[in-house]
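Taken in sequence, the protein lines are chains H and V.
Just so we're aligned, residue 0 is where the first sequence starts under numbering that gives the first Met the number 0, counting upward by one.
Just so we're aligned, residue 0 is where the second sequence starts under numbering that gives the first Met the number 0, counting upward by one.
Honestly, I wouldn't trust all of these hints.
[Said to hold, decoys possible] Once the Cα atoms are required to be at most 25 Å apart in a straight line, the calculated BS3-like pairs of lysine-lysine come out as:
hint	chain 1	residue 1	chain 2	residue 2
1	V	Lys328	H	Lys23
2	H	Lys29	H	Lys50
3	V	Lys328	H	Lys304
4	H	Lys62	V	Lys205
5	V	Lys126	H	Lys230
6	H	Lys230	V	Lys232
7	V	Lys205	H	Lys4
8	V	Lys232	V	Lys253
9	V	Lys16	V	Lys232
No wet-lab data here; the hints were simulated from the structure.
The lines below spell out each chain.
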Amino acid sequence: MERIKLLHGGGGEAMQELISDVIKNLSLTKVEGGIGLDALDDSATIPFGDKHLVFTTDAYTVKPLFFHGGDIGRLSVSGTINDLAVMGAKPIALASSFVIGEGLPFEDLRKITKSMNQVCKEVPVPIITGDTKVMEDLDMIITTSGIGLTEKPILDSGMRPGDRIIVNGTLGDHGMAIMAQREGISFETELRSDCAQLWGLIKKILRYEIHAMKDPTRGGLANALNEMAEKSKSGVLLYEDQIPMKDEVLAASEMLGIDPLSVANEGKAIIVTSENDTEKILETMKKTRLGRDASIIGEVTEKDKGRVIMETRIGGRKILSKPAGDPVPRVC
Amino acid sequence: MILRDFRDRGLALKASKEIGDMASTLGKVKIMHVCGTHEDTITRFGIRSLLPENVEVISGPGCPVCVTTNREIDEAISLAQKGITVTTFGDMLRVPGSRSSLADSKADGNDVRIVYSVTDAVEIAHKNPEKEVAHIAIGFETTIPSNAVALQDAPENFSILCCHRLIPPAMELLLESHEVRIDGFIDPGHVSAIIGVKPYRPLAEKYRIPHVIVGFEPLDVLFSIIMLLEMIKNHECEVRNEYSRVVKEEGNQKALSIMDAVFEPCDVDWRGFPVIPRSGLMLRERFAEHDARERFELRVEPTEDLRGCRCSDVLKGLIYPRECPLFGKACTPKKPVGPCMVSAEGACSIMYRHTS
Chain H
0 MERIKLLHGG
10 GGEAMQELIS
20 DVIKNLSLTK
30 VEGGIGLDAL
40 DDSATIPFGD
50 KHLVFTTDAY
60 TVKPLFFHGG
70 DIGRLSVSGT
80 INDLAVMGAK
90 PIALASSFVI
100 GEGLPFEDLR
110 KITKSMNQVC
120 KEVPVPIITG
130 DTKVMEDLDM
140 IITTSGIGLT
150 EKPILDSGMR
160 PGDRIIVNGT
170 LGDHGMAIMA
180 QREGISFETE
190 LRSDCAQLWG
200 LIKKILRYEI
210 HAMKDPTRGG
220 LANALNEMAE
230 KSKSGVLLYE
240 DQIPMKDEVL
250 AASEMLGIDP
260 LSVANEGKAI
270 IVTSENDTEK
280 ILETMKKTRL
290 GRDASIIGEV
300 TEKDKGRVIM
310 ETRIGGRKIL
320 SKPAGDPVPR
330 VC
Chain V
0 MILRDFRDRG
10 LALKASKEIG
20 DMASTLGKVK
30 IMHVCGTHED
40 TITRFGIRSL
50 LPENVEVISG
60 PGCPVCVTTN
70 REIDEAISLA
80 QKGITVTTFG
90 DMLRVPGSRS
100 SLADSKADGN
110 DVRIVYSVTD
120 AVEIAHKNPE
130 KEVAHIAIGF
140 ETTIPSNAVA
150 LQDAPENFSI
160 LCCHRLIPPA
170 MELLLESHEV
180 RIDGFIDPGH
190 VSAIIGVKPY
200 RPLAEKYRIP
210 HVIVGFEPLD
220 VLFSIIMLLE
230 MIKNHECEVR
240 NEYSRVVKEE
250 GNQKALSIMD
260 AVFEPCDVDW
270 RGFPVIPRSG
280 LMLRERFAEH
290 DARERFELRV
300 EPTEDLRGCR
310 CSDVLKGLIY
320 PRECPLFGKA
330 CTPKKPVGPC
340 MVSAEGACSI
350 MYRHTS
């Protein structure tokens, strides 16, 4: 009997297979004039007068619940806000459901809800409804849904040849921090998750010409850019030496044998812009805390449709493909 | 930071030009490496795109997961089915045995856990004295010493399924068979840190082939290709050490003596190869109680390699992964048929991920 494996949850091709299996039995997947489940974008949309409501939901699990740079509460709110923000939508309200494992200390729950509150206040966006359940044999799952509003949704499929690709900062931080913490690797400068809400940053650049946006969470930059290239039917040329990365992330990735471009980010956006507006966007971003390491990492090309080509640090070329699933450390 | 120094773009492009110039006076040159980490460096940095057409770098039997046989996977699955906690490196999880993989076994509810080192596996045994814990010990000379150390002080409920193999005997078998023409060897840096320079000398002399022991940064690999081309040009057959910042002439004597205290050589089959004399290791008598095969009386039926799968030819350097009829069709990283598509170090998986 074919069963679902952990691999199916790790981002990449196996997860896409799982998602298609779920979707194929659902016949009603969008509202008239809106973007629906079949688009597999960061959020869906519902036409609302001359605007669009943007709607998204995400279930969050992370082990450990508290990690360097954040916790499951901060993650569950930031992640949903970011899914709205990369559609160009201002977050209006959130809903949060908790499935709590039996035995969780009340003190932990309080810490988690306090850090949710902190992120909500930054935006600001209220949590207006929710639910709690308690179950055996798990730590905690938080499902956060969000609703936002925009005049014009920004899709992840809008890349055009000649566009430039910008990221707002260093890549691989969240995934490597979690993995290093699980494996007990510590450095003098501790690896920290980049977990943060991006609305504060994105609202400042929405006045410029942005053709596509996406947050590279599960599966990392490699997965997100491949999806964008496929959906936009264009190619991507990346410059490895322009990709911002912390030394400790690079070092941990070498130790664990994991490609830092295939692991999750939780406070990063890929922003695809017209060539004309690139410098203005970069300048605006660099003035913000979450965008001070922003960099132009590549461009959109006519050729190599649906593929991501990377010019490596030493000047070689290779294809950056989608990760197959959860990265596992190499043996030797 | 050292990682950035050995990845200097200017030097890499200079080396690439030098290789191009040297190769222009030579015919077709085929260089083999026998290490998954070398393949990783070569593909990760796009080194093949920096080489002239007549210089080819092929991968040999250097991925420890890939050379593990169906029999060994079946043995591991059988341990898990007996209710034993099986610990393994993540790469092994999805390798198909004759019928299923350890990942299937885990999904069926058996206790299969991913560990990052043998120390983690021993720790699990310590923490769960009521359970039997068996670790799948794979790898070449690089990982053998740490397993040997772990066994010297292992708890009573800990055993290993020994799947260790030694590199030089496999290199010799390849050369002896004359199935594939090899003009030079990139010798594995990690393995050599343990065994030293000496074991390659008889191979270099007997088969008249130059060797370079090589580190794992892109510049290490590019420099080693220059060193090999120079020897090929001058008809020299020496063993040179590019990785002298780590590899010493005598190797790591302490590690070698610990290995010898715990293991003894035995004949073993490799995926893609026949039984290679003295290329495997078994536990010495004194450690027999930690031998999972003995302890749990494992008996699995021998099986054939998977139909249509040409991993064995890939491992011998006879074909490139894309020449296998299953490559990219029936066999992909998502649904691998053979081990070379499963392991992150496998030539098929690497080619699928990095090339068109």
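- Sort out which numbered hints this structure fails and list those numbers smallest first. Hint check: 4, 5, 6, 7 and 8 fail, others pass.
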